[in-house]
Amino acid sequence: MSILIKSAKIIDADSTYNGKVLDIYIVNGIIKEIGKNLKVSAKDIIEKENLHISTGWFDSSVCFGEPGFEERENLENGIESAAISGFTDLILNPETNPILDSKADINYIKSKTSNSIISVHPLGALSKQSNSKELADLKEMFDTGCVGFYDFKKPIKNANLLKTALQYVQHFDGLIFSFPLEESISKNSLVHEGVVSTTYGLNGFSTVSEEIAVARDLKILEYTGGKLFIPTISTIGSAKLIKQAKLKELNVTCSVSTNNLFFNENKLKEFDTRFKVLPPLRDEKTRKELKKFVIDGTIDLVTCDHCPIDIDNKKTDFENSFFGSTGLESSFGALNTIFGLNQTIKIMTSGYDIFNLNKPSLSIGSEAKLTLFNPDLDYTFSKSDIFSQSKNSSFIDMKLKGKSYGVISNFKKLIVE
1 MSILIKSAKI IDADSTYNGK VLDIYIVNGI IKEIGKNLKV SAKDIIEKEN
51 LHISTGWFDS SVCFGEPGFE ERENLENGIE SAAISGFTDL ILNPETNPIL
101 DSKADINYIK SKTSNSIISV HPLGALSKQS NSKELADLKE MFDTGCVGFY
151 DFKKPIKNAN LLKTALQYVQ HFDGLIFSFP LEESISKNSL VHEGVVSTTY
201 GLNGFSTVSE EIAVARDLKI LEYTGGKLFI PTISTIGSAK LIKQAKLKEL
251 NVTCSVSTNN LFFNENKLKE FDTRFKVLPP LRDEKTRKEL KKFVIDGTID
301 LVTCDHCPID IDNKKTDFEN SFFGSTGLES SFGALNTIFG LNQTIKIMTS
351 GYDIFNLNKP SLSIGSEAKL TLFNPDLDYT FSKSDIFSQS KNSSFIDMKL
401 KGKSYGVISN FKKLIVE
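Numbering (our numbering), first residue to last: 1 to 417.
FYI, nobody ran anything at the bench for these hints, they're computed from the structure.
Hints may be right or wrong, so weigh each one.
As the list claims (entries may be wrong) - Keeping only pairs whose Cα atoms sit at most 35 Å apart, straight-line, the calculated DSBU-like set for lysine-lysine is:
no.: 1; residue 1: K243; residue 2: K269
no.: 2; residue 1: K315; residue 2: K243
no.: 3; residue 1: K20; residue 2: K187
no.: 4; residue 1: K227; residue 2: K103
no.: 5; residue 1: K9; residue 2: K157
no.: 6; residue 1: K248; residue 2: K219
no.: 7; residue 1: K401; residue 2: K246
no.: 8; residue 1: K346; residue 2: K401
It should be emphasised that the depicted structure is a prediction, and the values quoted were computed from it without experimental measurement.
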């Protein structure tokens, strides 16, 4: 397979080609030449309006339904949606049925995705059945190819379980996820505890219900050592606690959801279930401050937090509707709207090191893991932009800027016409 990409502006702060408009010649998945007006023979020639290119995009929190919830999203369709959306590498949550809590479960995901255009890196459950009672077989799952351990969006109720896990995984450099929520003070909550919850008489997630959990986990990490990842924080207090922990040189990293950077709690005034997400949308002050914590590096990663939900469980009354929003297709447009191009590409190509994965390189001799995109396309996001099986996107009808053309990855290409 030979591909010639014509006149693409390279956006890669780590590359000597950054900011230059060049041709890129790829043969059998390897970058062979980069330069102006290359005179080469290629089977495929890619020319696109306002074509930009970067190393492949990465996301740290994606759910596909398979096995068990294929009505939400199967692996094949989810992978295609991700590739069209510009992603070459994804961290896959163990939010399946059965939950991914064994070597066999990880093997299933690895075998089903081994020949895919993108690289799918599964997480294993931290505890058996994600019930916070007994550790799953962490070492066996790690040896099979899982990159971390997470009871998806479930807090670790047993502090001793977290302590034991952090100590144990140091023997093989494992990564522990801990969802930041103290359930005992947030039972039956639906939205952020604030103006909307008070006005409409809804149970609200207080900021303290998140921050207590973060404080506990950081204290345990300080005692045990190890590596801790705190996914999708949503409060100013949580970010400040993590910033302080990093100053103490604790090995902690964290993420925030694009939802919490783009929206605030006012979106919930009409009880639109598309905006019922976890963590909940917070107030406007928090949204703005979280953006600052991304820019200064306190928050390491931004995730689209792709969580497809079938229509029966999403488009129902607000109280019974499941938490979650799809996010792959809207991710680049949303972040580019918030941050601008250079910061967005920095965000979307970060995270490989946290999971001990090789970061793609846009250089001669490197394997081509590339994302092609137009950063200046203004459009209103609609259902027709969603390739996922489930259409529960909080970004429908939002004005976004920038869209992916697709990827070249794993010796394959998927470029939209």
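Each hint, compared with the structure:
{"no.": "1", "hint": "K243 with K269", "result": "holds, 33 Å"}
{"no.": "2", "hint": "K315 with K243", "result": "violated, 38 Å"}
{"no.": "3", "hint": "K20 with K187", "result": "violated, 53 Å"}
{"no.": "4", "hint": "K227 with K103", "result": "holds, 22 Å"}
{"no.": "5", "hint": "K9 with K157", "result": "violated, 49 Å"}
{"no.": "6", "hint": "K248 with K219", "result": "holds, 11 Å"}
{"no.": "7", "hint": "K401 with K246", "result": "holds, 33 Å"}
{"no.": "8", "hint": "K346 with K401", "result": "holds, 17 Å"}
This entry does not satisfy hints 2, 3, 5, going by the numbered hints stated previously.
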